[in-house]
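Asker: Fit chains B, C and D to the supplied structure of chain A, relying on the hints for placement.
Residue numbers (my numbering), protein chains in the order written: chain A, -5 to 269; chain B, -5 to 269; chain C, -5 to 269; chain D, -5 to 269.
Quick caveat, the hints were computed from the structure, so don't treat them as lab data. Predicted model only: the values in this text are computed from it and were never measured. From the three backbone atoms N, C-alpha and C, an ideal C-beta is built for every residue, glycine too. Fair warning: there could be bad hints in the mix.
Distance ranges between label pairs, derived from CB positions [claimed, not checked]:
(1) A:Pro80 x D:Ser226: 31 to 37 Å
(2) B:Val21 x D:Leu102: 40 to 46 Å
(3) A:Val21 x B:Glu131: 46 to 52 Å
(4) C:Asp233 x B:Glu48: 31 to 37 Å
There are 4 protein chains.
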Amino acid sequence: MAATTKPSTPTPLPSTVTLLIVCPDQVGIVASLTSFVVKYGGNLRDVDFHTDHEEGLFLGRLEWGLDKFTLSRSDIRPAIDGLCSPLGGRYELHFSDQKQRVALFVSLQDHCMLDLLWRDRLSDVNAEVALVISNHETLRGEVEHYGIPFHVFKITKANKYEQEQAELALLKEQKIDLVVMAKYMQIISDSFLRSFPNAHARGVKLIGATAHFATPELDAGPIIEQEVVRVSHRDTVDDLVRKGKDVERVVLGRAVRLHLLHRVLTYGNKTVVFE
Amino acid sequence: MAATTKPSTPTPLPSTVTLLIVCPDQVGIVASLTSFVVKYGGNLRDVDFHTDHEEGLFLGRLEWGLDKFTLSRSDIRPAIDGLCSPLGGRYELHFSDQKQRVALFVSLQDHCMLDLLWRDRLSDVNAEVALVISNHETLRGEVEHYGIPFHVFKITKANKYEQEQAELALLKEQKIDLVVMAKYMQIISDSFLRSFPNAHARGVKLIGATAHFATPELDAGPIIEQEVVRVSHRDTVDDLVRKGKDVERVVLGRAVRLHLLHRVLTYGNKTVVFE
Amino acid sequence: MAATTKPSTPTPLPSTVTLLIVCPDQVGIVASLTSFVVKYGGNLRDVDFHTDHEEGLFLGRLEWGLDKFTLSRSDIRPAIDGLCSPLGGRYELHFSDQKQRVALFVSLQDHCMLDLLWRDRLSDVNAEVALVISNHETLRGEVEHYGIPFHVFKITKANKYEQEQAELALLKEQKIDLVVMAKYMQIISDSFLRSFPNAHARGVKLIGATAHFATPELDAGPIIEQEVVRVSHRDTVDDLVRKGKDVERVVLGRAVRLHLLHRVLTYGNKTVVFE
Amino acid sequence: MAATTKPSTPTPLPSTVTLLIVCPDQVGIVASLTSFVVKYGGNLRDVDFHTDHEEGLFLGRLEWGLDKFTLSRSDIRPAIDGLCSPLGGRYELHFSDQKQRVALFVSLQDHCMLDLLWRDRLSDVNAEVALVISNHETLRGEVEHYGIPFHVFKITKANKYEQEQAELALLKEQKIDLVVMAKYMQIISDSFLRSFPNAHARGVKLIGATAHFATPELDAGPIIEQEVVRVSHRDTVDDLVRKGKDVERVVLGRAVRLHLLHRVLTYGNKTVVFE
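Here chain A stands alone, though its shape is the one from the complex (with noise of 0.2 Å):
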C-alpha cells in the first residue's frame, strides 16, 4: 500500500461524563442531580429526563464537562453512588474519553459489518472496533485489510457450548463494551426473506427493519431504531432483498451510535432513546 495521508484530523472530543438513571420516580431528583454538578464547578452539557406514568418510574440522562469539574475521576463515582443509591434505581457511569472497544459478530453476509469498519465511522463517538468474531472465514480478508483482528469460531451442536465459552473468555480477555450481533440481522434477513411471499401476497407497500436488544428469543428484545422503505410490484425479491440490507444497515449504524454516545436506556422490555 503506498503511503497515504489521513484527509482530517479529528478535532479531540472534550471529556465529558455521563450518567444514565433509572429509578422510582420522586420529586426532586433532576434538581438534586444538577445541584451536585454545579457544587463542583460542572458544566452541565445536557439534561433529558422521562418519567413512565404507568410504571412510576424516572428515567434520566445527564452529561457534564469535567475540565472545570473540581472532583478527581476517583471521587466521582462513590460520590454518584451516595447520591443515587437511596434512589433505588440503577445508574451507568460513563466517561467520554474512555474508548469503547466494539466486537462484532458477522457471518457471510457483510453489509453491516462495512458501514461499521468504516475508518471514521464510530472513532467520532470515541470507539473502534476491537474484534471480529465469526462461524466462517468468508470476510477474513474485508475485516483484516482493516488491520482488525478476526476470529473464527466453527460452532456444531457437539461443541456449542464450548465454543460459546471460549467466545466469552475472548470477549472478556478484550475488554469489550458492546457486542453488536451483525450476525444477529442476518437471520432477521431470512425471516424478512421467508417473509416476502407473504408480504407480496397483500401488495405490500413498505418493508422495514428494526435494531434491538438481544434476547434468548429471536426479534422480541427492547427497540432502539426502526425505519421502513417504500416499495412496490415492480421490486423483484432481489430488489427487496437490497433494498432490506440498504434500510438494515442505517438502522443497525444509527442504534450502534445512539448506543455509543449513552443515549439510550432500557427497563423491563422498553427503551427509552434520549435524542
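Answerer: Below, chains B, C and D alone, put in the same frame as chain A:
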C-alpha cells in the same frame, strides 16, 4: 350564509377512457392493445403493465384520449370485448367524464371523512361524495353543512340483516361506484389503540396505517397504500392517537384517489398500483 | 342540526407552568432553576436546554406541575423575575390552563385553515381559534359553520394604513395570543407556483414547504418547521399544487402546535424547537 | 488473504435490449414500437413513456427480451434506425449483457466511493468499476484492496490541459461507459459546508443532497435524484457534515443505479426518470 364566490374554476377534464386488464401472460398483448387504439386515432396517454411471473399473469392499464378517437362510445365496449375476451382474463373500462359517485360509511370519528368532504378534494378526479351512511347521528351536522345527504341506519343484533339489505338497496338506487369505509378505519383505530400497550411495551419507534380493500376478515384485504410516522417515548397515548389519525387520513386519501383514477388493479389477494 | 353526542370528552389538562429563557451562557443556570422549582414543591415535567456556543447563549425550557407547588400564582412571576433578571436575558412564563386565543388571517384558500378549525384540533393544547380575518368574503360560510366570528377588512392602496390599524385594534381588544397567517401561506404558494417553471426546468424530485415567523420581508423569518414531498415527471402542475397544499397544511399544523406548547424559542433570526 | 467462499452466486441476468427515445410527439409511436418488437417475437418487459406537453416531446423507454427475438443483434440496430430516424429525435440502444464499465473520479473523501466499490454493489446491474482516478494518493490503498486500478493525475495550473487530455485518453482506451464524479460530490460538500452558517442562521430543519449530471457550471445540470434528512438545533456542524455525507452517498448510489439501468433520459436541462 353570506354569498361566496368560488375561489377557482377547475379546468375541464379532457375525456379519456381507461382499460384495466388482468389475464394469463402471453406475447403481443401490449402491441395488440396499443395498435387498436392507434388504428382508431386514439392518443395514448399512459401505458403501464406488469408481469407477475409467479402467477403467470399480465396486468395492464391503458389510457387514451377520446377527442380524435373515431369509434363511438357505444362501439368501444364491444370492440374491446372482442379484443380482450380471447385473452381469457377480465377487464374494466372507465370513461373519465362519467362522474364517480362515492358513499362514505362513518361512525363517530370525523378525521378521515373531512378530508374527503372538502370541496375540490375529489372534484379534480371527477368524483363526488354522493351520500354518507352512519350508525350514529353524531356527524350529521358536519356532513349536511356540505349539502350532502346523511343517512342513519342503527344496527342491532335483531335488525342487522334487514338494515344491511336496506343499505345495499340505497347504494344501488343511488348508483354508487365506490364505498369508502371511513368507519372501517375507526375499527382499525381501535385495534391500533389496543395494540398501543404492546407497542409501548417494546418502545416502538414507528406507527403506521394501511388502507386496503375490505374483506369479511378485518385487516386482511389487498393493500392499496401504507405509511408510517415516527414516534418516541415522549409521545403520550393521546399523542399516538393524534399521530395515528393524521397518518390514517393521509393514507386513506391517497388510496381513494388512486382508486378513483383507476390506478389500482386487484388480483388474488394482491394489488398492482400503477403510479 | 340533530342532537349530537360528543364522541369523547378530553381529559382535563393538568395545570403546569412553562418557563422559556434565553440569556448569556453561565454556569449553574439549570441547577438554579430546577432547585427553585423543587424548593416550592413543584414536580418537574420537562427540562430542556441548548447552548449556542457561537453566540455564547443559553436557551432553556422548564415545565413543572402546579398541583403541589406552594407558591401562589401571583407570587410566581416576581420570584421568577428575581431569579432570571440577573441572568441578563429575556424570559416568558406561560400557564397551561390559560386558554390561548388564536387569530387566523386567511384569503381565498381554505386548505391550511380547515386543519386548524377542526374541533379538537387545538383544544388538546388548550387553545381556540377566536376569530378569522380575511380580505375576501369567500370563506365566511366555512368559518361561521364552526361558530367562529369572521371579519372582512378589504384593503386598498388608499385605506391600507387605516385598515391595518383597525385589525390591530381588533386583535388587542380580543386579547389574541397568536396570529397565524394562513393567508401568508397562500403567498408562499404563489411563489411556489412561480418557482415551478424553474423546478420543472431541472426535473426537481422534491418540493417542500416552510413554516416560519413573519418578518417584513417574505420568506425570511426564523424557521419553525419544514417538510418535503416526492414528485416526478408524471406530476402535472395541478398535481404539484395539490401536493404543495398538502405539505403546507401539515407543516403549518405542526408549527402552530409546537408554538402553542411553548416549544419554540426564537433568538436573532434563529429558532430552537424543544421537541 | 485466507480462502473465501462466495456467499451467493447471483442469478445470470436474462439478456434484454433497452431503447430510450426522445422525439417530437406524434400519434402512433408506442403502437409502432411495440408492434415492431412483437413482429419479431420479442417479449416486452417494460414500456414507459411520458409526454412533455410544454415542449411537445415524446420520451419513452422500451425493454424486451432477446431469447425468442428472431432478429440477430447485428440486424437490430439498423432496424431500429429505420423505425426511429423518421421520428426526428434521438435514441439510444443498450444490451443488458454488455457489462458497463464505470470510472470513478475521487479526491480525499471515501464515503461515496466505498458504497460503489463494494462487491455486488454494481454487479447486479451488470456493471463494474473499471478504474479510479484521483488527484491525490490518499485513497490508493482502499481502491487497490478491491483489485481495481488506481490512477493519480496531479493537476496544477501549468499542466491542467495536458493532464485532462491524458485522463480523457485513458477513459477512451479503457472503453469507459460512465464517469461518476464522486470527487464532484466533495465539491458539493464544500458548498454544503459553506452554506451551513446561513442554514444555521435561520434554524433550518432539513438538509439535502442532489445527484445531477455534470455541466461546466457546478450544481446546474439535470437532476437525477434528491433526498433530505432531518436536522435540529442539537446537531453540531460535525453532525451536519456526517448526516450530509450519509445522504450524499445514498443519493449518488441511487442515481448511478438508475443510470446504469438506462432509466434516466435527459433532454434540455431536464430529466425523466422511468422508475
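Asker: For the hint 40 to 46 Å, verify it against the beta carbon of Val21 of chain B and that of Leu102 of chain D.
Answerer: With a Cβ separation near 53 Å, Val21 of chain B and Leu102 of chain D fall outside 40 to 46 Å, so the hint is violated.
Asker: Taking 31 to 37 Å as the hint, is the beta-carbon distance of Asp233 of chain C and Glu48 of chain B inside that range?
Answerer: holds (33 Å)
Asker: Has the hinted range 31 to 37 Å been met by the Cβ atoms of Pro80 of chain A and Ser226 of chain D?
Answerer: At roughly 35 Å between Cβ atoms, Ser226 of chain D and Pro80 of chain A fall inside 31 to 37 Å, so the hint holds.
Asker: Is 46 to 52 Å right for how far apart the beta carbons of Val21 of chain A and Glu131 of chain B are?
Answerer: holds (47 Å)
Of the numbered hints given earlier, the model fails hint 2 alone.
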